[in-house]
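Colleague: The chain contents come next:
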Amino acid sequence: MSKLRLNRRTFLKLGAAATGGLALSGPAGLVEAQGTPPRFLMIYAGGGWTPRATFMRPSFADPSWGHWADILRIARGNGTPNTTPETSEFEFDFTDARLARGDMSRVLDVFWDQRSKLLAFEGLAMLSTGWDQFGDGHARNHLATMTGGPSAYEYDGVKSHAAYRSLDQVVLDHFKQTDPLAFSFDFNPNVARRSGTSGFHYFLYANDGMGGLARLPTEGDPNAVFARHFGGLDDMTADLERRRMAEREVFRRLQSQYRDLAGRMSGFDRMRLETHRALLDELDQRLARPRVACEAPSVADVTGLDRASAYESDWNAFADMIAAGFGCGITRVASLSLNAIPPEAYGLAADTDIHHDYEHNSDPTSYYGPEGDAGGNVAAEEGMIQRQLFQARLVQRLISRLDQLPEADGSVLDNTVVLYVSELANGNHGSEYCPFLVFGGANTGLRTGRYLKYPQDNPNPWNRNYRNEHTGTPHSRLYVSLLRALGLDIDYIHAPSIDGVVPHLGTSGTIDMSGPLARLT
Amino acid sequence: MRGLSLALALAALAPGCQGTLEVPLRPGANTPSSSTGSGIRLTPPAGVGERALACEADHAPLRRLNHAEYQRTIRDLFRDYTVPPVQIAPDARRGGFTNNFEALNPSTLLVTQHQENATMLAGTLAQPITDAQTCGLDEACFRQLVTDLGARAYRRPLTTEEVDEYTSFFAAGPGQGDFAFALEMALTTFLQSPHFIYRPELGAGDGKLSQHEIASRLSYFLWGTMPDDALFAAAAAGDLRGPGLEAEIDRMLADGRAREGLLTATSEWLELDRLETRLKGEGYLWSPEIRDELRESVERFMWERVISEGGSLEALMTARGAYVSSRIGPIFGVTDAGDELEWRELDDRHGLLTQPAILATHAHGTYGSPVLRGVFILTEVLCDPPQPPPPGASMGEPPTEDDTGSVITNRRGYELLTQSASGCASCHDQINPFGFALEGYDTVGAVRTTDQGQPIDTTGSTVGFTLGERFAFDGAEDLATQLGQSSRVRACVVDRWVRYATGGGALAYDPCVREEIEEIASRPDATLRDIVVAIALHPKFADAEIVE
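As you go down the protein sequences, you meet chains P and A in turn.
Numbering-wise, the first sequence is residues 0 to 520 according to numbering that gives the first Met the number 0.
Numbering-wise, the second sequence is residues 0 to 547 according to numbering that gives the first Met the number 0.
Hints are not guaranteed to be accurate.
What the hints assert, rightly or not - Anything over 12 angstroms on all C-beta distances counts as not near chain P; from chain A, calculated: (1) A59; (2) F77; (3) Y80; (4) P384; (5) D402; (6) I519.
To be verified - These stretches of chain P come out as covered by chain A in the derived footprint (C-beta under 8 angstroms, 3 or more residues): (7) 147-155; (8) 184-194; (9) 264-270; (10) 276-282; (11) 295-308.
What the hints assert, rightly or not - Derived, one-sided and incomplete: chain P residues facing chain A with beta-carbon distance under 10 angstroms: (12) A205; (13) L286; (14) P289.
Please keep in mind that the hints were generated in silico from the structure rather than gathered at the bench.
Every residue gets a Cβ at the ideal spot worked out from N, C-alpha and C, and that includes glycine.
Okay, chain P solo, but in the shape it has when bound:
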């Protein structure tokens, strides 16, 4: 992969040749005199985190903070039944002069150079999974991760369909209020370069135009994306204006066809055609806008590369196009999947069944000692750690790119909120004590550069396999905070509170789900 070749001049250079002589204003998202509009990037992985490689206590930690492993074991409740809430709240700055490199957890250490732009969270729980009635453990946690809430209904046995849009689409719809043609980059690197969905459970959800939600397909071939958004500016022909006219004419006729046919349909069929027509209209207008002469590194030819190298090459190509797309104002919303990494990329055999043999055998509950020392299936946990470190290095490269792109008020990263999540707290369907990482967004009001611990003082909504009466702070509050930072006026994701009988306690409980996460701004 060639070095990223982005600079301010190429970002702002409008492709006059590509406009066919049209004098149009620049696209939305270009740096504005009154500050740069915020952007959102969601990076999501499947299979869970490895708590031991993620959480940390610096050498200057106060004893009252407690050890994360102790709290985690209590949170999971597989030890002695616990009825006392764990209330410690603390934070420390990643830029604290006392912080040594050796203090960092293995995963967070990858982001040492970007630590001033990092927010790391300990003690959050995906509480919505506790009352989500549908799907298996992956489905519930995945939807909680992507949407902040529970699912709407179940289908095909273990799968479930979202009740809420995925966070990226919530942000996109908000941005579309001021730029109706806004769209998102939704990328899913995989060695087969297949476009499509991100796997068995891993989906993005958007409004389907019919009162429900539709799963969004993702793109797997970086060449297609490159050709669409970054290529072709040198291929202008004298025939261009005529072709532009022809393109407009075709769209006009298609609009008419969809409108006419929709008029002969009813119910969902009509709405589906009207949705299609609206999408065509958006595409028409988008193609009619002047192309930005936006330069991204060309996509490397992966022919002959082994699977690991090909995956990394494609992931980086997608990442570079996100960076370029953000910098040029092509898009302000993107999602990037980490779900299809070949096991050999992180040192396991190519035929490893990572899901069953590693994820499901790396449950921290049964073997973390009080100091976080490992026991039990160490090999399974280490395999998970190596995967997470590989993921983190890919993410770090992208974060670094975003931070290297200057803008009037800092860097692209300073105007971009990056949420990095995995669907599970750990490899065994865990929903509590989930790590979440956020990068950037300093200009959105987020106070970055900190590690934040939240208490375990909410009633535990899970009714199986948990002997602890309390659990963590709703992760949906983090999402509320991020959405507010991005300009949404929002109090909660799905419900202001959960009231009812907490089943295994047999008592009434209330979980306050409203408002932002404390101490974030």
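Following the hints, complete the assembly by docking chain A onto the known chain P.
Modeller: Same frame as chain P, now just chain A:
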């Protein structure tokens, strides 16, 4: 849990919530349900099939061409030309199949890909098509060309207004007088038209499907692609009814496209694509080539032993044998197989469930999974799916030793993993026994006689979740024999094929239609072909009323 669920439901339905991201549940989420005589539950999705549940004619939803249909239709539409590959995002499976209308929503990416493909194909094909014309490349020639091409793209004759509209690309505007350029514009439009991308059924004006709409129903059901010239001709002649319809279905099933289309449906039904992601440990005969050949072996089994003429539904569960080649022979214990797959009678293979592709799909790297195999039988063979595992369910490996440190069998490991004390038994007592019957096959589907040096216990007994009949068996053969005779299994086959044929439309939820087809399926010598033909011939499929 109910208290919290109720609170959530009330919160979600509270009107006028401000500052939230409330998204209404799809209307009709609480639609009524029914069940067939065999006990298979029918719960139509919102707005679809309520009338069908009462055995009345109901609306067939608008369907978009799915990933495979789109690619094949483009191939067949331009059959005389070299068509470059097109990129189109695959569709998610819903109700078991990717042609289910519920999952066929448009999206920004899909609409963009349709546009890019249309532009690319039109740009590539307009000149060769122009060059192939023998007329004078004038307006009359252009008009005839778009009339012919349009009838194939729309899968029905164009109206005069539509022909005028497409002809105007040549008569005026950017394409005026430029045959190839005007054709490029017409092709770009055809390939994004709702009449191409979707399958609208507007009727013949008499409240019934038009003959061309019947032709499309048949071709996308039996072939997974557009009608051919003969089918178009039959539709134009009004022959798609009565004996003419039967003759056309026979012709279509004898065509090579039937194998392609119906095996796509079979593959989705049996989740054969999951085999692609299965990896096996060292010491097992496994590679991408072996995997592909096992898949081809089971596809041959389904096509030649079950679906084609001469096959039978009973063979689905009981056929003694498999398609074997020298490469995969060791898995079957066959040492003298040739290079090509050939049918071998084998005493230790008993129908679909003992085909290595199925066994290996529902197994882990080094050991078979009675849970995955049991869930597969309950879900896809008996249409009696278990509930998903609850939150926090431990999904680890089964122990290989007991408390005393003694090595235990895979079956015993699963028994310990899912024993009553862990709260899992209520479901696993119904799931695991089906899988235990298949313990005589290892992770790649090879026969084994011992496990950890101990005898293998393949006995089991279960009543499933809603079956109403007890299965008590000793081994794969005994289980397969009982399943082969089970009316529930046959009703489940009907369920899957009706779903596929209708793309999740109303017919899939009509208990009366199902009972008629189940009756055909219950005949001792019934074949899967009989079910396919019965669906295709059913008046509600091929002579359906249009209900708005």
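Colleague: Of all the hints given earlier, name the ones this structure violates by number, lowest first.
Modeller: Violated: hints 1, 4, 11, 14.
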